[in-house]
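Asker: Protein chains in written order, with the working numbering: chain A, 2 to 204; chain B, 285 to 604.
Because the hints were derived from the structure by calculation, they are not lab data.
Fair warning: this is a prediction, and the values are worked out from it, not measured in the lab.
Careful: at least some of the hints might be erroneous.
Stated by the list, open to error - Label-pair ranges, simulated between beta-carbon atoms:
#  : chain 1 : residue 1 : chain 2 : residue 2 : range
1  : A       : His52     : B       : Ala401    : 38 to 44 Å
2  : B       : Ser569    : A       : Asp91     : 44 to 50 Å
3  : B       : Gly504    : A       : Leu158    : 55 to 61 Å
4  : A       : Ser137    : B       : Glu516    : 43 to 49 Å
5  : A       : Asp185    : B       : His439    : 18 to 24 Å
6  : B       : Ser314    : A       : His52     : 19 to 25 Å
7  : A       : Pro170    : B       : His439    : 36 to 42 Å
8  : A       : Glu183    : B       : Val575    : 38 to 44 Å
9  : B       : Ser569    : A       : Pro21     : 54 to 60 Å
10 : A       : Ser137    : B       : Asp405    : 31 to 37 Å
11 : B       : Pro479    : A       : Glu183    : 56 to 62 Å
12 : A       : His52     : B       : Arg533    : 53 to 59 Å
Quick reminder that beta carbons are idealized off the backbone N, C-alpha and C, glycines included.
Listed here are the chains, written in short residue letters.
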Amino acid sequence: MTSTDPALERGAESSRVLGPEEIRRALTRIAHEILESDHGAEDLVLLGIPHRGVPLARRLAELIARAEGRPDGADLADLHGALDITMYRDDLRSNPTRAPSPTRIPAAGIDGRTVVLVDDVLYSGRTVRAALDALSAIGRPAAVRLAVLVDRGHRELPIRADHVGKNLPTSRSERVHVQLTETDGTDAVDIVRPARTTGEGRA
Amino acid sequence: MRHFISIADLRREEALEVLATAEHMAQTQSRAIRKLPTLVGTTVVNLFFEDSTRTRISFEAAAKRLSADVINFSAKGSSISKGESLKDTALTLQAMGADAVVVRSGSSGAAHLLAHAGWIDQPIVNAGDGAHEHPTQAMLDAFTMRRHLRPGDPHAGLDGLHVVIVGDVLHSRVARSNVLLLTLLGARVTLVAPPALVPVGASAWPCEISYDLDQALAAGPDAVMMLRVQHERMVGGGFFPTAGEYSRRYGLSAARAASLPEHTIIMHPGPMNRGFEIAGSVADSPRSVIVEQVASGVFVRMAVLYHLLATDAREAPRDR
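Let the sequences and hints guide you as you build the complete structure.
Answerer: Dropping the structure here:
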């Protein structure tokens, strides 16, 4: 599907890569992969990176709890949280100031547990590096893994994801636009191609 | 925000954004490792022309928690005591590569002059200028009030609260900054002072003025802020008849504190004259948040340094 959204920059084109059903299936698969590689959910903590990693971590926690046979509506506060990385970025000085978001760590902490970092898009890898630094200020997990909904390539650091919803080859000038029901009212992943005259894209 | 000079320059949204960031900073300071790498590689200069213990240490702690390097430059023992002008000091700091300057001065307008005279390009933070403003003190007072009186909402203002500020308003930059900030955030402020300690023109401030402490306390305020009587600025005397009379009429005694509603908090920017403007037992009582104000000061100053230093507002591609 190719369409021109008037809300985007003039002349930009957007095409849908994942819809609600594909996103649901990708997350279900990731949830099962996490359970398999860690032999159960006992020492697992899913930490979402704001903003869209946080609802993704919550959804994965729900899927894992269901697969583990926990009753629906059970308290999952020990299974997922949020990890703000604003204060650990290496590009703060070249970006407009961002107001930090709250960090929420399960009461049991992360020491000795397996932490799965969750984000929507993996790109340069710098966000994940910042998240690793932020984690080390909070505690010492037994292992840290990375789950992302979309891996769009163009890594600038030796970082890879353990669980990927969709590998999406992109050019640097394209933008990957993720929307989630919790934050944007709908579930969708789009690739936005800028108008030909525009230079470096943002994602 | 380019500089942090005066509450009068702030919009409500900007003040709330700084408070929200301060709340985030407070959260990071309860972690195992409290130092954040955010401002690594930057240098903050504390330029203090006036004596100060808590404000300077608070700024120093805030900068260091964010991994900035700190240079303390105080008037005593520096070339300022040899008569160097503010301009030459500023040019020196610029040449040395300071990324931000925190300035405290006995002269009203010193921070504004430093920011706008063209001697130095870096962000300037006002840490108190004469009897004009002390904006980070007002921010930490608002932060402390919000935590106690509007708990659980990191985006709340102070709408509907009533704050009584008592004492030496004439010499107090804290009172002026607080009147501006608290009203900006929606609170109602009553200043209480002997007539000789109310500045000329205070009637134009957005607050009520009273000369009777008991009457003001009878209204049941949500917070009572006692100001230090600044003896060192009262050259010539004559501001009130005797210390004993001032203390009787305008001091917060144990009996007066007991007459306040249960939820009322008691504040003081420090340093306190115990037994004079505030009774020792009141300062140490559970409703006193004076020590907490000091802790809040570090969070608020971290937030201010973050907003001034962690950006140069250039649009750039966002990496992930």
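Asker: Against this structure, judge whether each hint is valid.
Answerer: Status of the hints after comparison with the structure:
1. A:His52 - B:Ala401: 38 to 44 Å: holds (41 Å)
2. B:Ser569 - A:Asp91: 44 to 50 Å: holds (47 Å)
3. B:Gly504 - A:Leu158: 55 to 61 Å: At roughly 58 Å between Cβ atoms, A:Leu158 and B:Gly504 fall inside 55 to 61 Å, so the hint holds.
4. A:Ser137 - B:Glu516: 43 to 49 Å: holds (47 Å)
5. A:Asp185 - B:His439: 18 to 24 Å: holds (20 Å)
6. B:Ser314 - A:His52: 19 to 25 Å: Because 23 Å falls inside the window, the suggested range holds.
7. A:Pro170 - B:His439: 36 to 42 Å: holds (40 Å)
8. A:Glu183 - B:Val575: 38 to 44 Å: holds (40 Å)
9. B:Ser569 - A:Pro21: 54 to 60 Å: Given about 58 Å between the Cβ atoms, the range holds.
10. A:Ser137 - B:Asp405: 31 to 37 Å: With a Cβ separation near 35 Å, A:Ser137 and B:Asp405 satisfy 31 to 37 Å, so the hint holds.
11. B:Pro479 - A:Glu183: 56 to 62 Å: holds (58 Å)
12. A:His52 - B:Arg533: 53 to 59 Å: holds (54 Å)
Checked against the numbered hints given earlier, this structure breaks none of them.
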